[in-house]
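Visitor: Spelled out from the first residue to the last, the chains are:
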Amino acid sequence: MVPLLVSVLEAAFVMALILAILLVAYGLAIRTTRTLTRGSEEKRRPFACGEALRPTETGLPDASMYWAVWRKLFRSFYNTIRDKVHTGILSDWLFWMFIFLVILAIVFVVVMA
Amino acid sequence: MSLPELAFQAIIYPGALFLSIAVWLTQWYYRKVCARMQNRMGPSYTGPFGILQPIADYVKLFFKEDVSTEGSSPRLSAALLSVAIGSVVALTLMLPIAPRPIAAEYDIMLAMYLLVWPTIALALVGVLTPNPFSAIGSSRLFSMTLAYEIAFVASILTPVVLSSAFYGAGYSLYRSCLEAWRLWSDPRTFVPMALSLISALLALQCKLLAKPFDIPEAETEIVAGPFTEYSGFKLALILALHDAEVVVGSLLITMLFFGGFVPFTWLSWYIALIITAIEYLIVVTVVTWIRAITGRFRVDQALVLFWKYVLPMAAIALIASVVISWIA
Amino acid sequence: MDSNVIAQVGAIQPFLAIASAFVLPLLSLIVKRRTAWESFALTIATINFVLSILLTYSLYTSSTQPLVYAFGAWPPPVGIVYELDRANALMGLLITGLVLAATVFSLRYMEHDTGVQYYYTLLLGFEAGMLGCVYTGDAFNLFVMLEVMSVAAYGLVAFRRHVPEAVEAAVKYAIVGSVATTVYFIALVFAYGAFGTLNMADLALKLRGSTLPVTGLPPGNVFLGSAIFLALTFWAFSLKAAIAPNHFWLPDAHPAAPSPISALLSGIMVKVAVFALMRYLFTIFRGAPPAVPIVQVLDYALIVLGVASATIGSALTLLQRDIKRLIAYGTILNIGYIAMGMGLGNQSGLTAALFHLVNHAVGKALLFMAAGAIIHAAGTRDFDELAGVGKRMPLTSAALLIGALALAGAPPLNGFMSKLWLFMAYLETGWLAPLVVVIVVTSVLGLMGYMKVFYHVYTRQPVKDISSIREAPGSMVAPLLVLAGLCILLGLIAPLFVDQVISPAVSSLFDYQGYASAAQSFVQAIFRGG
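Protein chains in written order, with our numbering: chain F, 1 to 113; chain R, 1 to 328; chain D, 1 to 530.
Next up, chain F with everything else stripped away, as it sits in the complex:
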């Protein structure tokens, strides 16, 4: 069989070919429908919930994007790991690091015995 690089190039060639055909079809479609359009500024405005929006209002805040679903699904996991473990308090961090050192010491005592 041919090496993988050749298949990748073949697939890329196929994708480029289809891209070219479809872009030509797109140009044709635009040219055909040009006679149907009536130039109007109204239809180019973003429109939602019954009124035209300014472009700055059409975005969504960070909290409602797809990671919000993820966060809701794993809410108990995140409560533990974010609010109980990753507090900003230095003494909590030192506590976890000390626990790790103690575990390491126990493991080494066991290994040497």
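Don't read these hints as lab results, they were simulated from the structure. The structure displayed is predicted, hence computed values, not measured ones.
Restricting the straight-line Cα-Cα distance to at most 27 angstroms, the calculated cross-link-like pairs of lysine-lysine (DSS-like) are:
(1) R:K308 with F:K84
(2) R:K211 with F:K72
(3) R:K60 with F:K43
(4) F:K43 with D:K391
(5) F:K72 with R:K308
A short list of chain F residues far from chain D (calculated; beta carbon distances all over 10 angstroms):
(6) I21
(7) L23
(8) A25
(9) R31
Facing chain R, according to a computed beta carbon distance under 10 angstroms, are these residues of chain D, among others:
(10) A433
(11) P434
(12) V444
(13) L447
(14) Y455
From the three backbone atoms N, C-alpha and C, an ideal C-beta is built for every residue, glycine too.
Chains R and D: place on chain F using the hints.
Guide: Relative to the frame of chain F, chains R and D by itself:
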């Protein structure tokens, strides 16, 4: 493979032209069967039994005006959609129905890359228009992608890993399609194959955005999700991408899990093709059946379903297949 | 060129950096022009980079043995030596290259800050500390250079002293980092008590029964001494390298620093600590009979902690509202991958780890600097406020996209290649193959996080008026484009790069015999009067 051969395969068979005819017939079947199951008529007027309906839809969209709002990127969207359709065509060229398929060692990675591209393109296309509904639709599509894409890829990998271990397919999609049907008869590999078939069908249902997973384009909630601001030719491209995914996804499952025409090469070629068509229609019917009888999940219900049930099933199948291939 | 000259080329780099770091404040008293200080720092960084290229080139093409440079011509283990092999030279090249990129980036980035002469002083001291850490062949010198590097890092994190968050992060980092270096010092005490020497080549020899000509046999219990030393060193370096559960300081310290410094901290400083661990675990202690059970325990510990780091890093990277904090959690994720690669303990695992180290350094530096350019233009770090800014800065957004895709593991960029190597290394071990699921799932979560960055910066509609925002100035865009090109190039030529560059470095890391015999022949040459 020389460039003219590749171009012929890309454009005529099994590329754009064959895919268009397959899309036409599959769409008619999809819509008619779903309608009859729901006690409706389905396409009836355009041609006998409404068989010309999908063609009519695409022709109508070609002649509609393509309005692009300010703040959107029409040419980038068109390019993304065309590249995605190109990737679906390239995936078709990797299956055994092509006379000279694109095949190499380890080309399953190329196949996985090509499988993921259409969904990414649909999500990106939604983000590029300035509309809150399309942003929500795209973000729902992204969150679902991360759930089912792993399951789908893992279920496709299981027959490939097993056939590479037992029949020396070298992790190539084409060679695995030629050999994987033999795995059903071996008692060691029956269970992973069955598990991965079930999870592949469920992940396919999600990938095709068919009910109960058509969350990103939930009409009563977010108008049309990522496709809200599209009309005319670009909407035709979106629908073509979506329908081509139906055809190629079902064809992939048919070829990989059932072997297509490969087990029946000892029969004459037209009987083998008819059997392939019947297997393909069975897969499409399963998708249509589930689509016809269910309502829509909420996005967190769909994610829980995938992460709790489908993904562990696919992961167990994949790990079992890796372990079995190491033992053998 | 003869090996003595090449060794001097290597050894002069940290010396040059620290000397110029001391000269710069004095220079700033005489010359009050900012451009003078900037050009001075830029010249030194360029000279160091050129010297590094020369060193790496000659070590890879002509020398087969590590080169030894002894300070003051005192033979090891009496004096301090620098021992330069291919792995060292590769790390040195990475360090000087990224410091040069960060210096070029800082020229325009720090234009609104005052006290910039101290910034460049600390930056040069930082470079000196890092170069000393990787080049050194002596465990105590490693401690000294670790302190130099850390103190410069604490200062750089706190550089924007009017921002309370930066000062708080620097204080926490300083306390935690000082605990780490103190514990390493205690480890050195135990090592000296057991072995009687602190030279790395001599440690390697004493573990295997022989010794360097000047010293005698180990005075203490070698088994006990090496066990305690390795335990404490592992803890101390895992804290500097931010391997879970010692990673808590990183998400506070790295975002608070100025962006080119974040690029250096995340890109190369944590890697220096990982490299020191590699030096101890692979070159010196692996395969020596007293240390075999301990090294095996540490391998398993590395795998377990690597999985924990990857999980924590990927899970928390999605939730951040601050662009730099998101990228900082991504560092924890990738250090987890490097630890997982190191824990395998064989050639392919270490190749994957070293390759991912190089790729992550380049990608993370690119990502932090691109984020810095955007923050510089938008004036804020919160996603909800810098939305859509990237639409006016096409080159920076392109660099940000390439960095995000490279670190998320999209083919054909370099992150995908190194993750693939890690993948294959795990599949080869057989019984550890299920951990591959961890790699895949955490990669997907990381992809979600990085796509979030690109979504907010480029594709989202702007929430404020962004017509006054222009593309970042040329000296800020140039390092971004160079690093982005390097990401693409390393991805495309990955098999060649691993074969020609990474594998020789890995073999030199496994090769304790070459390491020790280089020191031995150096001492014998001195005794013969050479």
